[in-house]
Amino acid sequence: MRSRKLAVLLLSALLVSAAVVAASSKPTVKSLGDALICQCGCNQTVNECNHLECPVRSQMRAMMAKEIAAGKGETAILQDFVLKYGVKVLASPPTQGFNITVWILPGIGLLLGLGFVVFIVKHWRRPPAAAAAAPAPIDPKVLEAMEEEMKKVAHP
Amino acid sequence: MNQVGSVALVAALAFAVYGVVAGAVGGYLRSLKTVRSAERATLAFFVMITVAVVALEFLILKDDFHSAYVAAHSNSALPIYYKIAVLWAGQEGSLLFWTWLLSIYGGLAVLLNHRKNRQLMPYVVSILMATGTFFASITYFVANPFEQLSLVTPQGMTAFSPADGNGLNPSLQYHSMVIHPPMLYLGYVGFVVPFAFAMAALITRQLGDNWIRVTRRWTMVPWMFLGCGILLGANWAYYVLGWGGYWGWDPVENASLLPWLAGTAFLHSVMVQEKRGMLKVWNIVLIIVTFFLCIFGTFLTRSGIVSSVHAFAQSNIGPFFAVFMALIVFFSLTLLFLRLDYLKSENKLDSVVSRESGFLFNNWILLAAVFAVLWGTIFPIISKAIESETITVGPPFFNKVAVPIGLLLLFLTGAGPLLAWRKTSFQSLKRNFTLPVILAAATGIGTLAGGIRGLYPWMTFVLCVFVAVCILQEFYKGARTRMRIAGENFFRAIYNLTMRNTRRYGGYIIHLGIVLLFIGFAGLAFKSETKGLMQQGDLLQVKDYLFRCQELTSGQNPNYEYERAVLTITKDGQALGTVHPERRFYLASQQPISHVAIRPSLKEDIYVVLAGQDQDTGKAVIEVFINPLVSWVWIGGFIVFLGTLLAMVPSRVEREMAEIKRPSETAVEEKHAL
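Line by line, the protein sequences give chains A and B.
Residue 1 is where the first sequence starts when you use this note's numbering, and the numbers rise one by one after that.
Residue 1 is where the second sequence starts when you use this note's numbering, and the numbers rise one by one after that.
Worth flagging that the hints you see were computed from the coordinates, not collected in a lab.
Glycine residues also receive a C-beta, built at the ideal position from the N, C-alpha and C atoms.
Where hints are given, some of them may not hold.
Said to hold, decoys possible - Listed next, the in silico DSSO-like pairs over lysine-lysine satisfying Cα-Cα at most 27 Å (straight line):
#1 B:Lys619 x B:Lys543
#2 B:Lys477 x A:Lys30
#3 B:Lys571 x B:Lys619
#4 A:Lys66 x B:Lys571
#5 B:Lys543 x A:Lys26
#6 B:Lys527 x A:Lys66
#7 B:Lys430 x A:Lys122
#8 A:Lys66 x B:Lys619
#9 A:Lys66 x A:Lys122
#10 B:Lys400 x A:Lys84
#11 A:Lys66 x B:Lys531
#12 B:Lys400 x A:Lys26
#13 A:Lys122 x B:Lys344
#14 B:Lys344 x A:Lys72
#15 B:Lys527 x A:Lys26
#16 B:Lys531 x A:Lys72
#17 B:Lys603 x A:Lys26
#18 A:Lys122 x B:Lys400
#19 B:Lys348 x A:Lys30
#20 B:Lys430 x A:Lys30
#21 A:Lys88 x B:Lys603
#22 A:Lys26 x B:Lys531
#23 B:Lys348 x A:Lys122
#24 B:Lys400 x A:Lys30
#25 B:Lys384 x A:Lys84
#26 A:Lys30 x B:Lys344
#27 A:Lys30 x B:Lys619
#28 A:Lys88 x B:Lys400
#29 A:Lys30 x B:Lys531
What the hints assert, rightly or not - Some but not every residue of chain A turned toward chain B, in silico, with C-beta under 7 Å:
#30 Thr45
#31 Glu48
#32 Arg61
#33 Ala62
#34 Lys84
#35 Leu105
#36 Gly109
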């Protein structure tokens with residue numbers, strides 16, 4: 001009973017901690033730099049552009065810093081970049097039109113997979129009576145005792 | 001030498017075709033003589049491809065710029081170790097290299113099974129040589145590395161040899177690039193052997209767990225090489241590309257991850273078939289998927305159908321690969337369909353909470369990761385075809401989709417091994433999971449109190465503690481039992497425990513390595529970056545570190561010109577050392593590249609880039625990244641490597657069983673071959 005209470009307490013603390021952590025993110029030049037593709041032609045994110053002295057990267061970072069200072073949120077800043085450079089500036093497709101499938105299908109795949117696994121587990125499961133009739137796994141303590149006995153036999 | 005190479009390729013192609021036919025005919029007619037002939041053809045294929053490889057290396061090392069391949073990818077000032085690596089720097093050479101590795105695997109499969117698995121071997125040889133035929137054909141007919149340069153003159157074609165070559169791509173001139181592609185290719189190519197055994201098992205209807213047992217090490221070897229190749233590639237990106245990270249979800253990076261994930265699922269899933277005679281169809285499907293993804297990865301790297309930072313070797317070989325992939329799918333799935341009756345499960349699940357279910361969930365997560373990464377990688381092509389719109393699917397997509405899946409997988413890495421086969425009782429769950437859950441919860445609260453922000457990194461740390469405790473607890477429990485029973489001291493007990501069941505404890509060590517990898521991944525969430533303009537004597541403060549520019553120098557060697565900054569680093573007044581970031585300009589290829597200076601430590605890497613020169617002030621542009629915990633990625637990778645090696649070592653029980661097996665049994669096996 002006591003250990004169950006402790007487990008509930010720890011789990012609650014963990015969930016509250018997770019909520020606090022999740023709520024504490026706001027846009028930064030770094031986070032935006034991961035969300036936008038550098039328009040110098042390198043085809044990499046602003047943070048990952050490996051062109052030496054890339055002027056486009058510098059311009060884009062300056063624009064991010066300016067908009068963050070103006071108090072804009074991440075969505076508004078990304079929209080401004082789309083207005084300036086087009087949708088190709090986004091490092092991941094927008095969640096509209098056909099492009100939404102890129103976001104949805106992995107989730108659907110995950111759920112279908114889970115459904116399939118659950119179906120398999122249910123379908124393949126031995127009826128409880130048959131499972132009970134099957135020999136039960138050996139208790140580790142019994143196993144240890146058996147090993148000790150065998151050792152005594154081997155080295156009397 | 002060009003002629004020698006070309007003739008060797010033609011001969012290899014002939015041997016490969018003969019191997020396909022003789023293997024299949026010998027197997028069908030049960031003719032040992034014909035099968036032996038097919039096996040010798042496999043060895044001859046290896047010899048001929050080796051001759052071709054030696055011929056190309058000879059041309060490269062001799063700076064024979066009459067050869068189109070050498071002129072395009074090498075130059076006379078290139079250091080010898082990079083010249084050796086020119087073999088896999090371009091399209092034609094890398095395909096020849098692929099074929100060579102295939103011939104090595106094929107030769108080894110034949111030699112190591114000379115007296116074993118006689119019913120399977122004819123078809124194994126046939127399938128290996130069918131793959132060899134494809135790659136040798138592509139190498140000879142489509143991307144021949146032995147083409148010669150010539151000029152069209154009024155008198156006709158005349159031989160042409162430039163004074164020097166174009167040189168090796170500067171970003172490939174880094175030590176891990178000398179071994180990264182071979183490792184990756186050893187991984188990609190190696191999965192052909194378990195695939196061949198699986199197909200042979202389907203053809204011969206030998207669908208017990210023999211093919212699984214035979215191919216376990218044949219699967220672990222490429223899995224290990226592929227993992228090493230991926231990490232060496234990450235190391236190359238970290239040290240060469242100069243953006244401060246090591247994984248950018250680039251399509252070609254993803255292509256190498258896909259077969260590794262599918263291979264991981266296969267390595268786990270086969271255990272269920274071995275122990276319980278279940279998942280027989282699934283295991284065949286997994287090895288087909290893994291091999292298909294290996295070919296797909298090669299296709300993606302070579303065809304140029306997706307934009308990639310790895311655009312070193314692209315050409316028009318895409319359609320040939322597409323046909324080959326279609327043939328693999330058609331042939332293997334048809335065979336699978338025809339043999340479904342032989343693949344019935346021998347057992348049922350006793351309980352939802354069991355090791356078998358754990359493996360099913362492990363496979364679900366791994367395959368979900370494969371699907372998510374594959375879908376994100378090919379989506380730009382699909383979107384372009386349907387919407388005519390150029391879009392990018394980059395790190396934000398993969399981080400959002402793959403990271404949660406990765407965290408689920410991390411959880412199973414710890415929880416899975418603690419579940420018992422058949423059924424796990426509530427008491428057992430309580431006994432095994434109490435300590436890991438308490439310590440993980442304490443870590444969660446402690447890290448939050450310590451100021452860690454960001455849901456994913458925080459969850460990663462919590463789960464890493466959970467998994468590490470789960471695994472260490474297994475070692476401790478096993479050792480404690482041995483200490484009590486055999487009277488061994490703790491370290492002797494750990495050693496004997498591990499060597500008695502190398503597969504199980506090697507696996508645990510691999511899981512510990514995965515924990516360290518995840519710790520390293522989480523560290524990047526706390527990366528910080530500062531840019532400054534510096535000249536001699538200038539100071540730059542980055543977090544707790546103070547950088548002082550000692551001098552800016554420049555120079556030249558036969559291969560490149562360089563500019564170098566010499567920076568001293570101090571922390572709280574204490575000198576930490578000097579770093580020398582460079583910016584190089586390679587003369588043959590006329591390309592600039594940064595040469596990053598890194599001061600690694602377990603806590604964080606100091607990563608310094610000489611990004612160039614400011615146009616207005618003339619000062620050096622210095623970028624400094626402070627990358628926490630990156631070293632754990634390399635350490636984790638090394639531990640995964642060691643764990644894999646350990647899991648491949650025969651355990652004491654296996655060795656004892658091998659000694660019990662009488663030599664006459666081998667003779668009987670040979671006698672009844674075919």
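Hint check, failures only: 2, 4, 9, 14, 18, 19, 20, 21, 26, 32, 33, 34
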